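Work the whole structure out from these sequences, hints included.
There are 2 protein chains.
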Amino acid sequence: MKRKSNPVGFKNVQITGGFWGGRITLVSEKVIPYQRDALNDSVPGAEPSHAVENFRIAAGLSKGEFKGFPFQDSDLAKWMEAASYSLAHHPNASIEKALDELIDLMAKAQRPDGYLNTYFTVAAPDKRWTDFSGGHELYSAGHIFEAAVAHFTVTGKRSFIDLAGRYADYIISVIGPEKGKMKVYCGHPEVELALCKLYRATGEERYLKLAEFFIDERGKAPVFLKSEPTFSNGKKDRWLDTDYHQAHLPIREQTTAEGHSVRAMYLYSGMADVAAETGDVRLASSLRRIWENVVTRRMYVTGGLGSQAYGERFTIDYDLPNDTAYAETCASIGLVFWAHRMLLLEPDRRYADVLERSLYNGSLSGISLDGTKYFYVNPLEVHPATATARKDHEHVKTERVPWFGCACCPPNIARLITSLGEYLYSVEGRTVYAHLYADSTADVRVAGQKVVLTEKTDYPWDGRISFSVDTEKPIRFALALRVPGWCGGFACTVNGERIESGVEDSGYLVIDRTWSAGDSAELILDMQVRLMSADPRVRADIGKIAIQRGPLVYCLEEADNGPDLHAIILSPKAKFKADWEPDTLGGAVVVRGDAVRIVSPRRTEEPYDSILPETEPTTVTAVPYCLWCNRKPGEMSVWIRCGD
Amino acid sequence: MKRKSNPVGFKNVQITGGFWGGRITLVSEKVIPYQRDALNDSVPGAEPSHAVENFRIAAGLSKGEFKGFPFQDSDLAKWMEAASYSLAHHPNASIEKALDELIDLMAKAQRPDGYLNTYFTVAAPDKRWTDFSGGHELYSAGHIFEAAVAHFTVTGKRSFIDLAGRYADYIISVIGPEKGKMKVYCGHPEVELALCKLYRATGEERYLKLAEFFIDERGKAPVFLKSEPTFSNGKKDRWLDTDYHQAHLPIREQTTAEGHSVRAMYLYSGMADVAAETGDVRLASSLRRIWENVVTRRMYVTGGLGSQAYGERFTIDYDLPNDTAYAETCASIGLVFWAHRMLLLEPDRRYADVLERSLYNGSLSGISLDGTKYFYVNPLEVHPATATARKDHEHVKTERVPWFGCACCPPNIARLITSLGEYLYSVEGRTVYAHLYADSTADVRVAGQKVVLTEKTDYPWDGRISFSVDTEKPIRFALALRVPGWCGGFACTVNGERIESGVEDSGYLVIDRTWSAGDSAELILDMQVRLMSADPRVRADIGKIAIQRGPLVYCLEEADNGPDLHAIILSPKAKFKADWEPDTLGGAVVVRGDAVRIVSPRRTEEPYDSILPETEPTTVTAVPYCLWCNRKPGEMSVWIRCGD
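Keeping their order, the protein sequence lines are chains H and U.
Numbering (our numbering) for the first sequence: 1 to 644.
Numbering (our numbering) for the second sequence: 1 to 644.
These are computed hints drawn from the structure, not numbers from a lab.
From a predicted model like this one, the values you see are computed outputs, not experimental measurements.
Among the clues, some could well be false.
[Stated by the list, open to error] Cβ-to-Cβ under 7 Å is the rule here; a few derived chain U residues that face chain H:
(1) R390
(2) D392
(3) Q528
(4) M532
(5) A534
(6) I598
[Claimed, not checked] Have a look at the derived ranges for each label pair, beta carbon to beta carbon:
(7) U:C406 to H:G234: 53 to 63 Å
(8) H:S285 to U:W580: 51 to 61 Å
(9) H:S42 to U:K220: 22 to 32 Å
(10) H:P402 to U:L612: 35 to 45 Å
(11) H:S285 to U:I611: 25 to 35 Å
(12) U:C406 to H:T255: 37 to 47 Å
(13) H:T255 to U:Y310: 33 to 43 Å
(14) U:K4 to H:T619: 22 to 32 Å
(15) U:P44 to H:P402: 24 to 34 Å
For each residue, glycine too, the CB sits at the ideal point set by N, CA and C.
Spelled out as structure tokens, the structure:
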């Protein structure tokens, strides 16, 4: 089954205002320059990156030692990708020049054979292609390919994509199905999806074939990764075994999400890309099974993934502790990537719902409101004193930090936000799907004609979304508007007239008509506050509820509610009020309601007693999870105890 | 303030039947021989100990390498102590002979200067007295001293205590306050309390002085431990810092329980011993402050201590997670030791209550009903699939095991049980305190006269405790019977007549009269099932209740209640029935009551939804925590969700 639906690319979608407009401007104008400085080791107080300096050393322009992780190059590549996207909507000569200089630097660091990796060039020249489980060589290559495609797509310049093509061609010369070539794949998937992008940008089928080869090889017995001395860091370690690399079974036999959660998301994204191009039915059905496993058993309500810090990985079904969650920002971003690809394979609002859940919550929580501080780990409950005292909470930071030694997340969130236009619409035949809602203008090609769709909305703060259509001549096409699963009710008008279309099984409201310039449609989604429960098999969430409004998951913060959030009890019948507060957290809908709080300390001298705790009435204030920790640090909790 | 109350020693108390009689017989007749075999590496399927073999090698009777931990000697010493106690009530020529042979072997392994430690003799002869933070040299010495005192007390033979005295005298020749001697103390306290025992057994004040020296030195700045290359395993590690060794402050300035929980308990026991002998008021008041901290903020309801696996240590107030608890058997045993010493310093039922809590729950859970399997770690909640899947639960064993490479716990529980007679009574002036209740006969010296107290009881299964007095001539003394804090009501008769004495502030009911042979007293303690709550600041227990009856904390097991114990909800108003069941777990009072259970799976396709879980009625069966995991392995939980 080949991909049915094609995205309207980010170049054709301008997000102009509303929730995302401001954020895209922030990232383009402030975060991209800030991260450039961080990658050049010039942000005071931030952990040095050394990523640019490594390229200088590899290019012979600087003396010194390689520093950082073997995959340090990828931080720079992801920034270059983000910077390229930003040029599409925020042209900036200085950033464009910085990109040109970096591409020039990369060209100088590239080996004569096309190889390009500063770690294996500078620090371990004799180790090239010997460490697929830990070396991230193909992973880093993948990020260069993605950045090059973004740069080419936006600027039309060939410098970067030609360099990337030379590297890819070199890889094809040493790895592949042909006799005499290495039968390998990367411990950290990424190159698969990147090769598909390179294929789409260049039309060169050999890149798709290589991606397919990596997918086919993965998990074949005997698993070649195990023969590497670096496998599992050289020790027997069941959390760093073949499943950590999603290589425990041939890919088409996998049914559950295993191992390192970012690796998993990138792999599934690459699988979806290959399936979309090749129509591989078994690949698609394996993806559907894994999807069910992830979203119904191994995903936090925030779209966070990875419930164990060690191995940054999936564990078992329903094991979703809130305070020791790993829920790496990159894993939620990876889930956005994967969900988007599933949505393009088969439009179904369930994919878009998860995409939205992960985007608005687990991904966006990774970056501060001012864009210069980041979370790597996104737990759903933070009690700073406990997180600081306990070794098993060591991965939890109680505040966002300016940079990381392993800085995969900051440029990842930057590239997601700067390319967000790509996620709004897709076209299948003469249907235009609107998946995500944002204040925007899109140039859409449908039924052989250009249509300009202008969207006005304060979504996700408000459920009213207005579309206006501009077209040279009247054109019949279907506008398919997603009605999210969280939505209890909706209304839709076309040119002011109520329409009574039902929602299709796929979760889209389809308005199939002839549209003329000036026509408009309006969708109003109910945005009542909802009290969410998890599957009762999730031990960490039993007896608790989470507050959600629209796609936003809310949390309680100490800043609003005082300490000891665990002592607060919400009634399942409580009524909550949601109000726009322009001065809170840069403007946000804040949720308030009545609750009770256990009185502490109780009056007994015994360490344990049969006195039941007393409660007193209180009110609670909940703010969007993605905005937490933008005031003073303190306790935070998404899941709140529930009782009558 | 000197010790007011003297224990009636284990030699004078025969525990004859009831709850403890059977267990003492089991340990004496089965466990002591089993552990001898384990220490001789002859239990199939058990981790080898090598402890006896190390002594053979040190004695020149065997060739080979030292194996095990630097403190391996202590496992054998603790067994010798337990075996010695057992001879007092279960004479056994073969065990007595085995002891004589081991003492002979130790004498051969002892160096000419008196030094006795197989690790530093065989494996690291040049490292003697260089590794106080990790070497456990004085700790191992302490266990030899304790064993020697037990052997001497029971058998009257001098072989072992003379050997111990030579070692202690050698230590005094190299460590102490005098000029030219080392100013050190052991990273793992133990020798302090052992030296006090040696002092009491021999009357040699120099042993008490050395104990006092160790107490005085501890925590003096600069902390000498930090200058050792082995400190914190040679790395900067905040969980293995000076507080890990209780050396972060001079002892008399310490107010909270810090660091490794077993180390802490042994230190506080030694401090209490020194305070009892010297009347050191500051030492006693420091102990009282630390006691309050431990029992009201850092102790599990089972008497378990140590809420973090890494460092096997205390963390912060109210941090008491149930599933990742460390709660080492030895720490609970250490709390029994410490509580007993506090009780002798000042009779107060609060000390005895904690002693009993720790004895009946967190200590006794360490050994299986058949005596041959052991828990090192005693969590209050075990979900086997999670415990097996998660790295941060790696320390949790889901079943007891036959032995450990680090086997401190098995002989520790053996020595506690075989010496339990010592914990029943103490005498202060002309008052006989009954602290713990057990079916027993005690020879008590009070007011210059011998009194035989015979106690008949099924405690803790039943609250009726009958005393009969035998004495040559009438004697006036006060019998002070503890009324535990958990007891909601009681009745007392003397010779069948109801007496109306109140309970003193100390929590003892004092019957002060002239007793004649044949007089009797009966105390009936109310043993209603109690639903216990923790301090609301304990985040892990909020909204939960634990079932307690008498001193026994109960738990739910999968064997009785099926899986998914987290889905069970108890009403705080539920009525529970407690019945003796002779065929359950070797005979036990089982608690049964009504509850509800959340129905799972719920009917929704969404990963998270606003559907509140449905419940259905169920009944629950609770068994004593100390008996859990004596049937098939499975889930267990002490704290159960509470709701209306």
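We went through each hint and held it up to the structure:
no.	hint	result
1	R390	holds, 6 Å
2	D392	holds, 4 Å
3	Q528	violated, 9 Å
4	M532	holds, 5 Å
5	A534	holds, 6 Å
6	I598	holds, 5 Å
7	U:C406 to H:G234: 53 to 63 Å	violated, 25 Å
8	H:S285 to U:W580: 51 to 61 Å	holds, 58 Å
9	H:S42 to U:K220: 22 to 32 Å	violated, 46 Å
10	H:P402 to U:L612: 35 to 45 Å	holds, 42 Å
11	H:S285 to U:I611: 25 to 35 Å	holds, 29 Å
12	U:C406 to H:T255: 37 to 47 Å	holds, 40 Å
13	H:T255 to U:Y310: 33 to 43 Å	holds, 35 Å
14	U:K4 to H:T619: 22 to 32 Å	violated, 54 Å
15	U:P44 to H:P402: 24 to 34 Å	violated, 58 Å
Comparing the model with each earlier hint shows violations of hints 3, 7, 9, 14 and 15; every other hint is respected.
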